[in-house]
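All chains, please: the whole structure from these sequences, using the hints.
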Amino acid sequence: MSDVMIEIRDLHKSFGDHEILKGIDLTVKKGEKIVIIGPSGSGKSTLLRCINYLEVPTSGVVRIENKAFVEPGKKMDEKHIAAMRQQVGMVFQRFNLFPNKTALENVMAAPVTIRKMPKEEARKIAEKYLKKVGLEHRINHYPSQLSGGQQQRVAIARALAMEPKIMLFDEATSALDPELVGEVLNVIRELANEGMTMVLVTHEMKFAEEVADRVIFMDGGFIVEEGTPHEIFHNPKHQRTKAFLNKVEH
Amino acid sequence: MSRLDFQTAFEELTPLLLDSLWVVVTLVIFSFALALVIGMLIALGRLSKNKFLNGILVVFLETVRGTPLLVQLLYVYYVMPEIISMIGQIWDPTYHVNFSAYTASILGLGVNYGCYLSEVFRSSIQSIDKGQMEAALALGYTSRKAMWHIIIPQSLQVALPPTGNYFTAMVKDTSLCAFVTLGEIILTTQSYASQTFLTIESYTIAALVYLVISLPLSQFVRVLERRSRRHV
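Keeping their order, the protein sequence lines are chains A and B.
Going by my numbering, the letters in the first sequence line up with residues 1 to 250, in that order.
Going by my numbering, the letters in the second sequence line up with residues 1 to 232, in that order.
Calculated directly from the structure, the hints in this document are not laboratory data.
Hints may be right or wrong, so weigh each one.
Below are the SDA-like pairs computed for lysine to any residue, each with C-alpha atoms no more than 20 Å apart in a straight line [as the list claims (entries may be wrong)]: (1) B:Lys145 x A:Ile81; (2) A:Lys101 x B:Lys49; (3) B:Lys49 x A:Gly16.
Some residues of chain A that are not near chain B, with every Cβ distance over 12 Å (derived) [claimed, not checked]: (4) Gln87; (5) Gly89; (6) His137.
Note that the coordinates shown come from a computational prediction; the quantities given were computed from them, not determined experimentally.
The C-beta atom is built at its ideal place from N, Cα and C for all residues, glycine as well.
Quick look at the structure:
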């Protein structure tokens, strides 16, 4: 099983007394596209944030390419976790671009600071990825000078510049005006077609159906049901899945 | 009552004040540099999760902010050398230290302003959106690297205008160093005024000197304020 990219075993996460994730098992293969859907508060964003340890699980193991962030019974090692995270790109709902840096500087920052890449080389890479997201004409703009859709595309380029093996999208289009959603989804779609391993949390059901290899429906901290997009969207087995899909589709 | 004689006072006092001005300028540069370092260290200490360190720093901050700067200057100049000497004499009975007025002034102003600046730095770091740290961590920064490369540079833009205000305030507060015998503007003015009895003239000129420094400075701070809001 060398093609397993992400392996999650018996993952629990609590905030205080409140248990958000109640035992999640999930395996994602190389090149697979997983879409997580579910009502708000179901734990889908928390699960996504556990995949790169932005949330530290209360218990359970997360492995990327067979390497755990924290091996069971061992102590957290921040440097190891940071190194692991370099392989996992993440795109946030609210973009989180560095407002004091231009688009180009945003994309260059991590390769220069973390990879210790010479600036010239980082600049070339940054330009390549900004071109890929269709923003080669905006590289010297500050985030405040860009539309939401453009900011999110810079954020995708910024994540790609670290050449991750996995991309996580946490409601990447939820904060966008409707007319700007398409340009961001196009970039994500292109990435999917190139074979990137991806896990997405989204409310864009049509898009989910289109790009997903597997759809996971979560509710109340559990994975209630998973299957192909066709199974989940057109032939859901669980009552809760049906109820949720009815609500979002009408 | 005698007539005012601004011309004499101006001709005699101004050259003396230029020397004092030089003392004030270098004093502010050294003291403010010290205050910036102390301020950042205290801010980072208070943001760390170390409860013990936090407790010590809070006590220290409250002590400094709860006592007048003048008292602190007097304490540093007169009391601290005594205490250090007493401790030193445990090993060497002849041990004795003195602070020059200049050293004591740098220490007093630096520590006092460091405490106030630490609150500016701390709150400006806390004002940066949590998403910035998350974005950096997600890219593979360690939290320390994220702090230095992403969070602090942004927070400095926020901190710049209030820091500029403290800088202007420090220039004026150097006048208190007259009490620890530093030959700055006020002490110079005082001794000139008491020799010549040109009281009104001397102190008016001294006040004008402060104004001439402060007004451009506060104007400059206003420019900083406008610039700092650009991209944060």
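Proposed proximity, A:Ile81 with B:Lys145 (alpha carbon, max 20 Å): The hint holds at about 14 Å.
Status of A:Gln87, Cβ more than 12 Å from any chain B Cβ: Since the minimum Cβ distance to chain B is about 8 Å, A:Gln87 lies within 12 Å and the statement is violated.
Starting from A:Lys101, check that the Cα of B:Lys49 is at most 20 Å away, please. Status violated; Cα separation ~29 Å.
Minimum Cβ separation between A:His137 and chain B greater than 12 Å? For A:His137, whose nearest Cβ neighbour in chain B is about 20 Å away, the distance exceeds 12 Å, so it holds.
Restraint status (C-alpha distance of B:Lys49 to A:Gly16 at most 20 Å): holds (18 Å)
Holds or violated: is the Cβ of A:Gly89 farther than 12 Å from all Cβ atoms of chain B? violated (7 Å)
Hint violations for this structure: numbers 2, 4, 5, all remaining hints satisfied.
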